[in-house]
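> Chain residues, written in single-letter form:
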Amino acid sequence: MAEKLKSLGLSDQKVKETLKNESLTVILADIVDQAQGKGELNKSVGNLLYNLGTKLPRQFHTRLPLLVEYVARAQINQEAKLTAAIKFVQDHAMKEFNTAEFEKACGAGVEVSQDEIEAAVAQVIKKHKEVILKQRYQYNTGPLMGQVRAILQWADSRKVKEEIDLQILTLLGPKKEEDLVKPVKKKTEKKENKPEVAQVQHTEKQSLTMTDFLKTVHFHAPGQNHKTEGYVITENTSRLLQEHLKITGGQVRTRFPPEPNGILHIGHAKAININFGYAAANNGMCFLRYDDTNPEKEEEKFFVGIKNMVEWLGYKPHQITHSSDNFQQLYEWAVTLIKKDLAYVCHQRPEEVRGHDPPPSPWRERPIHESLQLFEDMKNGKFDEGEATLRLKTMLEEGKMDPVAYRIKFIAHHRTGDTWCIYPTYDYTHCLCDSIEHITHSLCTKEFQARRSSYYWLCNALDVYCPVQWEYGRLNMHYTVVSKRKIAKLISEGFVRDWDDPRLFTLSALRRRGFPQEAINNFCATLGLTGAQIIIHPDALEACVRDVLNVTSHRAMAVLNPLRVIITNYPNKGPTNVTVPNIPGNDSAGTHTVIFDEEVWIESSDFQEVEEKGYRRLTPSQSVGLRHCGYIIQVQEVVRNAQGGIDHLKVTCHKTTDANKPKAFIQWVSKPLKCEVRLYERLFNHKSPEDPSVVPGGFLTDINTNSLNVLSALVDVSVKGAQVLQKFQFERFGYFSVDPDSTPDNLVFNCTVGLKEDKGKV
Amino acid sequence: MSEAELRQHHLRVVKMEEEAERLASSLGALMTGTAEALETKGLVDKELTDLLNENKKLKYRTNILKRRVAQMGGKSSSSDTILSPDSFKDQMCNILGQLEGIFSRAIQSAYPEATSPVVQIQLSKHADYQCNAAMALAKSLKKNPREVGEKILNNVATNPLIAKMDLSGPGFVNVFLNQDFIRQQVTNLVMKGVTPPPTTPMRVVIDFSSPNIAKEMHVGHLRSTVIGESIARLMEFLGHNVLRLNHLGDWGTQFGMLIAHLQDKFPNFATSPPPISDLQTFYKESKARFDEDEPFKKRAYEAVVKLQAHDPKHIKGWEEICEISKKEFKKVYKRLGVVLVDRGESFYQSRMEDIVKSLGAAGMLEEDEGRKVMFAEGADIPLTIVKSDGGFTYDTSDMACMKQRIEEELGQWLIYVTDAGQSQHFKTLFACAKKVGFYAPDRIRVSHVPFGVVLGEDKKRFKTRSGETVRLVDLLDEGLQRSEEKLREKERDKALTQEEFTRARDAVAYGCVKYADLSHDRARDYVFSFDRMLDFRGNTAAYLLYALTRIRSIARTAGVSSEEVVSMAQKGTVELDHEKEWKLARTLLKLPDVLIRITDDLYLHPLCEYLYEVSSVFTEFYDNCYCVEKDSSGKIVKINNNRLVLCEATAAVMEKCFFLLGINTVSKM
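Chains A and B are the protein sequences, given in the same order.
For the first sequence, the positions run 1 to 762 when the UniProt record's numbering is used.
For the second sequence, the positions run 1 to 669 when the UniProt record's numbering is used.
Since no wrong hints were added, every one of them can be taken at face value.
EDC-like cross-link-like pairs, simulated, lysine to aspartate or glutamate; straight-line CA separation at most 20 Å:
id, chain 1, residue 1, chain 2, residue 2
1, A, Lys161, A, Glu118
2, B, Lys66, A, Asp384
3, B, Lys59, A, Asp418
4, B, Lys66, A, Asp377
5, B, Lys215, B, Glu468
6, B, Lys142, A, Glu352
7, B, Lys590, B, Glu620
8, B, Lys56, A, Glu299
9, B, Lys192, B, Glu575
Simulated from the structure, these hints should not be mistaken for laboratory data.
Required output: the full structure, derived from the provided sequences and hints.
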């Protein structure tokens with residue numbers, strides 16, 4: 001094998017790497033064999049053959065011998081030709097293959113003479129002569145290459161480059177001293193620019209929405225399913241794709257297919273964003289499909305909850321569908337599969353086929369009529385649960401034989417009632433529902449890659465339209481659990497209050513905690529569509545939350561641990577109003593009013609009896625400014641209580657002037673509202689509470705017992721009458737959101753995130 | 001009582017009260033009986049919850065099963081009925097069916113957990129029958145098949161039908177029939193003739209033949225007539241109450257021109273019956289005028305209107321024409337030995353009006369471009385109940401007809417014998433009738449019996465040399481002629497009297513036409529070939545009729561009359577010691593199972609196959625077992641009475657088969 005790879009001119013290192021990829025090695029070896037004796041296998045040919053092996057999608061390998069021959073005979077002798085040839089093959093997969101057209105399209109055997117190149121280069125340089133003469137060697141010759149290629153499509157790029165250099169040299173003469181200096185100058189300029197450019201990119205990235213991002217994704221165009229890697233082309237593909245296009249009008253169709261058996265969590269947010277976002281980015285439609293094939297688990301509240309969360313994220317399904325809508329069709333198709341000898345009734349017990357490498361079914365080869373009758377019997381209740389299943393005669397990538405398509409369950413389904421006692425499995429249902437809905441892009445997480453071949457197999461076995469499955473990496477979150485069962489356990493054990501407890505990462509919890517939907521969507525956009533499974537630290541999500549809240553939430557002053565302060569020289573008669581900007585630095589956001597009076601509360605940590613170097617706030621000898629109100633206070637007396645602790649402060653105040661500018665301003669409240677504030681920490685102590693190597697006792701033993709801290713706080717009057725989920729920034733603490741537990745008399749605030757990342761504990 | 005004691009008692013009482021309250025609340029929850037109710041009360045008893053869930057599932061399953069049973073019409077298959085052997089004193093036993101019933105019960109009692117086991121019983125080389133159910137059952141139960149076979153065997157209830165059983169191979173149960181029972185059955189066969197197996201009698205309405213008035217019967221009508229007649233005979237034999245209906249096409253616009261033509265040619269037809277000898281020619285004449293003569297055409301249309309308004313004079317003319325036509329049909333039926341009750345479309349006129357009204361009232365009709373159509377589930381094309389001009393169609397009359405047959409004739413099984421081209425129509429018709437509620441599939445059975453096209457030897461549609469449809473009369477005439485030639489070729493004319501020869505000629509001619517039709521899978525097209533059907537070798541009527549006469553002649557040449565054979569049988573039960581005797585007896589006794597199977601799908605060719613099998617097995621027997629021994633001079637030395645009884649039984653079975661196929665037998669040919 002290695003010898004064959006070497007004959008392609010690969011370096012030893014490259015050979016080693018390639019050998020690790022078994023399927024590629026097989027293809028390349030095959031290519032080498034085919035190329036044998038057709039022409040000289042020099043480095044350039046070898047290189048092209050290697051590229052052919054890596055670039056030609058599997059389903060077009062019927063054309064491999066043809067392409068190998070063209071390359072080996074050096075009729076396709078450059079990368080551009082090869083790319084064109086591969087494109088032609090893809091475009092003509094299901095049409096007549098006309099050799100003449102093919103050769104024309106990829107320039108097979110076309111040789112561009114030196115004269116032609118000279119002429120073309122001369123023509124292009126003439127066009128830009130003035131600029132070149134002015135900029136001399138500073139002139140970027142790169143674009144010229146492209147222009148020459150536009151004239152001479154199959155010109156060898158190396159030769160073109162040489163010719164351009166030559167003609168430039170002829171035009172400008174040898175480089176003078178100044179020509180040599182210039183590049184250095186250029187370099188420094190570049191350096192200066194770099195940070196700026198990077199910054200621009202950074203801000204761009206910040207504001208990149210899901211839709212913008214998904215516009216840049218390169219999936220196949222509707223109807224071009226066959227061009228994607230691994231798609232299986234049958235004799236019906238062409239017709240089915242045409243019919244498909246007729247039905248969809250060429251529109252992109254995606255779907256978000258949750259099982260309605262639990263609550264959506266942050267991982268689903270990614271799926272929702274990708275599916276709905278991709279449809280939106282391409283003026284397509286996205287279905288919300290409840291994958292309700294399993295009758296045991298479905299509850300009405302889950303249906304409602306899922307729909308609410310999709311809508312909360314700002315998406316509107318084109319149509320809400322249910323897998324169970326198709327039960328009759330799926331059943332009829334199952335019968336068709338049996339008749340085609342592609343499915344059979346099996347009596348292996350669930351425990352027999354569980355685990356790795358189970359024994360093959362002894363019923364695999366039973367006669368068709370027998371399976372037909374037995375399947376009918378399954379449907380009619382003649383078998384008990386577990387006594388019979390319908391299995392598909394196919395193999396999954398992971399080597400699992402004959403996945404189950406139907407199993408018996410004597411349980412009513414919430415939508416079909418007692419009609420059925422056989423229910424289809426995910427493997428069987430999913431792709432066929434995609435097909436029925438004419439989904440163009442079946443987007444799913446990476447785990448399902450192993451099911452892709454059975455997905456295609458099943459659609460093709462039934463001669464129905466076959467969508468394309470694209471996989472992306474699943475999103476997992478550190479410091480949390482998302483499984484329905486585990487959350488239920490947390491609730492029943494009293495560690496959290498309910499499904500939407502703000503410490504959880506269910507979508508309803510995040511909403512309750514005050515995460516704006518926009519932030520979640522932006523966060524998903526930053527994740528991209530890579531195939532790798534990613535585990536995200538909550539900080540990354542919280543950063544997105546801050547970015548949004550910083551520019552949207554109104555400021556308020558709150559004191560969580562109050563210290564009473566009496567202004568002995570209070571200058572006004574009774575309370576006065578102080579105008580405060582809603583969002584500092586953004587005048588258009590307006591203002592609100594807070595009350596200033598002789599009795600104010602400040603945060604107790606903002607006063608320190610003993611001076612300390614670096615402490616800039618109030619001490620007996622150091623005055624401090626009261627934010628927004630224009631006064632400085634100075635301690636007059638520390639009044640103690642019976643226990644000797646500080647009861648309150650008596651202070652004097654003075655207008656702030658340029659002369660007495662204090663070292664710091666602190667927040668304060670006067671005639672405040674008493675509110676409940678809930679501060680949260682991470683629910684688990686470890687990053688991966690489910691990892692037994694880190695948390696051997698199981699996730700329940702990893703609970704952070706201080707994850708909830710309820711305080712009674714004083715907040716300025718501007719929050720009065722705030723609506724549930726209305727968000728504020730409590731200056732110097734963080735962002736807070738009104739909890740649904742609030743009553744008009746008692747507002748409850750959840751701490752959404754702190755002001756800064758490292759201030760995890762507020 | 002000290003203070004301390006009192007307090008202790010008090011505490012105990014409080015505890016007991018708490019316990020009592022808890023129990024009362026558990027009990028309350030138990031009464032409501034759902035697992036959810038228990039759970040909400042915090043009463044989770046695993047066993048109870050499991051049982052409740054199990055119970056819920058079983059209820060669910062019962063519901064599904066019940067629904068299925070209802071869909072299937074709640075009928076259990078005939079093989080499930082086991083009768084006591086006493087019941088077979090006077091009638092033939094469906095041995096296979098009985099064995100299936102016996103083994104089905106055995107399996108049920110051995111393995112009650114087995115769901116729908118397949119009771120597979122077939123003829124055996126090593127025994128009489130063998131039951132193969134153990135293999136499949138063992139697989140599904142994950143048990144050793146031999147063990148399963150043994151357990152089944154041990155669970156077979158004693159039945160006089162079975163002499164003994166043993167286990168062989170991987171788990172086959174071999175069944176040896178009780179010889180006494182078989183001997184008794186064969187004896188009965190001779191003494192009482194072939195009797196039907198046990199059946200529940202039904203009212204069966206069979207619609208077949210059904211040609212159009214004023215047109216000739218052609219070869220297509222032959223198939224419907226032959227198949228329908230045979231089914232009718234089978235049903236009658238099984239004890240059903242059969243109504244054979246000839247659904248004549250006697251109503252339609254063609255009568256306008258026929259009556260108009262009649263008025264011109266025989267103006268006083270009302271008083272003296274018109275001497276029309278050839279209705280076909282008469283039809284052609286009127287058709288020619290209709291196409292060319294505009295005033296005549298107008299009169300023809302007027303005649304239709306008057307006929308439909310029941311104008312007496314026009315009705316008279318219509319009746320005359322029908323009469324002439326029916327007479328012609330009767331001749332054909334007589335030749336073929338077919339009996340039918342004529343009931344044309346005209347019979348349903350008023351019923352059609354009623355049905356349109358009632359369908360409309362029931363909201364079953366939909367407007368479709370002026371037509372009124374009816375849709376039903378499972379049928380792609382609707383029935384057209386009323387045409388856009390207000391007229392009725394075949395669909396209308398067929399609906400009226402079905403209703404009449406069910407409600408007035410009290411039919412429990414409606415059978416329609418037509419060509420396969422009408423399958424879609426009947427599917428729709430049955431679906432619509434079901435939808436309206438004319439019948440419920442669990443109480444009334446409806447069957448369309450479709451058949452394929454008759455092909456010529458060129459594998460194309462059967463036609464005359466000039467390309468016309470073959471008239472049935474001509475075909476039968478040719479049959480007679482070909483039969484006669486064949487018999488003369490074999491010099492039968494020299495061996496038989498004139499009368500015997502004619503009888504043989506007719507039996508062979510009509511018999512071979514019918515047999516050729518019936519011995520093929522009716523759903524397929526079949527090639528009509530006189531040469532093949534008159535072949536005296538192979539599975540043809542000619543051969544089988546001849547074989548029968550040979551069997552009949554055995555006793556005759558021995559000088560023993562039929563009556564004497566019967567009395568021989570009466571003396572003692574027939575002995576079946578020789579292997580071939582036993583095989584013949586067993587073959588003869590298969591007839592009831594064959595007939596019952598035919599009632600499942602109404603395919604008749606298995607009966608022909610069986611008939612041929614009987615004749616082959618008889619030949620085997622006759623080659624191995626002397627019935628009459630003669631010395632070298634040809635003098636009879638010994639007559640084996642026992643074997644003559646077997647010959648008689650064979651003849652009886654073959655005769656019955658021929659009868660059921662509608663074929664006349666002859667004693668000599």
